[in-house]
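Undergrad: Here is how the chains run, residue by residue.
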Amino acid sequence: MTSGVHDSPLTLAPTRPTVWRDDEAGHSMRSLVYFVATFVVALILGIGSAWYMIDHGSPLTTTKVGAWEGWLSAGNPNADYYTRAHVARSGRLPLTSTVARYFVARTDDNGRALAADCTYLITGRPLNARWWSVALYDEYGGLIANSSGRYSFNSEELLRHADGSYRINLARNARPENWLPTGAVDQRLTLMLRIYSPRETDAAGIGFIAGDRLPKIERLSCE
Amino acid sequence: MRMRLPGLFIALGLVLAGLIHIVAVLALPSLAPKNGFSRFAALGPVNTVIQIPPAAPGQQPMPMMAPDVRYAFCRFDLSNGPVRLSARITDELLLIALYTPGAENFYSVVGADVKRPEVELIIITADQSVEEAGVDSPESVDNVIVVNSPVSEGIALLRLPLAGPSRADAAEQALKATSCGPYSRSG
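In order, the protein sequences belong to chains A and B.
Just so we're aligned, residue 1 is where the first sequence starts under this note's numbering, counting upward by one.
Just so we're aligned, residue 1 is where the second sequence starts under this note's numbering, counting upward by one.
There are no misleading hints in this set.
Calculated Cβ distances over 12 Å to all of chain B for the following chain A residues:
{"#": "1", "residue": "109"}
{"#": "2", "residue": "117"}
{"#": "3", "residue": "123"}
Dumping the calculated SDA-like pairs for lysine to any residue here, alpha-carbon to alpha-carbon at most 25 Å:
{"#": "4", "chain 1": "B", "residue 1": "34", "chain 2": "A", "residue 2": "187"}
{"#": "5", "chain 1": "A", "residue 1": "216", "chain 2": "A", "residue 2": "202"}
{"#": "6", "chain 1": "B", "residue 1": "34", "chain 2": "A", "residue 2": "188"}
{"#": "7", "chain 1": "A", "residue 1": "216", "chain 2": "A", "residue 2": "174"}
{"#": "8", "chain 1": "A", "residue 1": "64", "chain 2": "B", "residue 2": "29"}
{"#": "9", "chain 1": "B", "residue 1": "34", "chain 2": "B", "residue 2": "100"}
{"#": "10", "chain 1": "A", "residue 1": "216", "chain 2": "B", "residue 2": "164"}
{"#": "11", "chain 1": "B", "residue 1": "34", "chain 2": "A", "residue 2": "56"}
{"#": "12", "chain 1": "B", "residue 1": "115", "chain 2": "A", "residue 2": "98"}
{"#": "13", "chain 1": "B", "residue 1": "34", "chain 2": "A", "residue 2": "77"}
{"#": "14", "chain 1": "B", "residue 1": "34", "chain 2": "A", "residue 2": "140"}
{"#": "15", "chain 1": "A", "residue 1": "64", "chain 2": "A", "residue 2": "126"}
{"#": "16", "chain 1": "B", "residue 1": "34", "chain 2": "A", "residue 2": "80"}
{"#": "17", "chain 1": "B", "residue 1": "115", "chain 2": "A", "residue 2": "129"}
{"#": "18", "chain 1": "B", "residue 1": "115", "chain 2": "B", "residue 2": "147"}
{"#": "19", "chain 1": "B", "residue 1": "34", "chain 2": "A", "residue 2": "144"}
{"#": "20", "chain 1": "B", "residue 1": "34", "chain 2": "A", "residue 2": "51"}
{"#": "21", "chain 1": "B", "residue 1": "115", "chain 2": "A", "residue 2": "156"}
{"#": "22", "chain 1": "B", "residue 1": "34", "chain 2": "A", "residue 2": "78"}
{"#": "23", "chain 1": "B", "residue 1": "34", "chain 2": "A", "residue 2": "138"}
{"#": "24", "chain 1": "B", "residue 1": "34", "chain 2": "B", "residue 2": "106"}
{"#": "25", "chain 1": "A", "residue 1": "216", "chain 2": "A", "residue 2": "72"}
{"#": "26", "chain 1": "A", "residue 1": "216", "chain 2": "A", "residue 2": "187"}
{"#": "27", "chain 1": "B", "residue 1": "176", "chain 2": "A", "residue 2": "156"}
{"#": "28", "chain 1": "B", "residue 1": "115", "chain 2": "A", "residue 2": "201"}
{"#": "29", "chain 1": "A", "residue 1": "64", "chain 2": "A", "residue 2": "89"}
{"#": "30", "chain 1": "B", "residue 1": "176", "chain 2": "B", "residue 2": "153"}
{"#": "31", "chain 1": "B", "residue 1": "34", "chain 2": "A", "residue 2": "139"}
Since the hints were made in silico from the structure, they are not lab data.
All residues carry an ideal CB built from backbone N, CA and C; glycine is no exception.
So here's chain A without its partners, still in its complex pose (with noise of 0.2 Å):
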């Protein structure tokens, strides 16, 4: 910065090229170069930092486990503003984490962004709560159209082993077990798994999910 600054057009010729001891015109041109520069970078600084902390959430205001991303407490009166600012961005009116939580994820396990055009194997295990569904969207939020009208899975529909256990395949094309359908658009994928009536809850009374509860997502191939 300080090179950028002795270089600019603004500064008037100095007559010796040190930084600090100039003359009092070319001081005062380089106060408000400084000036302006620290407001640009502040601004910066300042919404950028913001817009990150509601979009993508801190250790304090959500849970992250492998793909997936919970906000500990959405809908809940005594949010936090990043909460709130989050959930208002959003379009959403969740239930409060005391009564429901919600984990979204955007990417297979690994990191890669979820897409139409590939197949992924999602296993899990049961949730411990009264109700619970898998919904696949598109990145905004809209269900995707298929033909087979197939949008979701729930936890009383979900076809399941002997010990409780299941996979969902998430694919273009039709797939044996439980077949969620990822539409014929090319385009990027978001899951959402809602979990109603959580058993279990934290010394806060909202809704407790184990993470290793929360089903694995492998990408299995891309067109």
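Guided by the hints, dock chain B onto chain A, whose structure is given.
TA: Just chain B now, with coordinates in the frame of chain A:
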């Protein structure tokens, strides 16, 4: 003195960045015009139950609506007195949740916790009381719940998660039996 100038600018920059951060976070909820509340408010009048068609591609008032949940809502306006919301509990999965315009879910009740076939919520503001509205002691009736609302206008959102793919029709019928309107002794 002059040697400390960069330090001053860095300090000033950090303080400014912090202030901008705080203002941005606090201002965002009111700058988000399409929050959940305003999306529903656009769908119909106050103090009546509006059923939302099953979520389908291109047919969702809110993003990320559950395709396997049936929704109905009542936007309540308490400025002319308390509002009564009654719902038939056909399913223990039924969830009734009350929201402020800021999307805070300040009250919720689950069907499984109501040991009656019907539940009645009387929504009042802090400066109202149900006595004034002509009720002697609604607390004596088990299925009547008086809910204090922190706002005079909000949304009651009913969710009925489907207990299986064949349950959609029954769920929609159950939500049709919901009523919402100004509270009165006769009603």
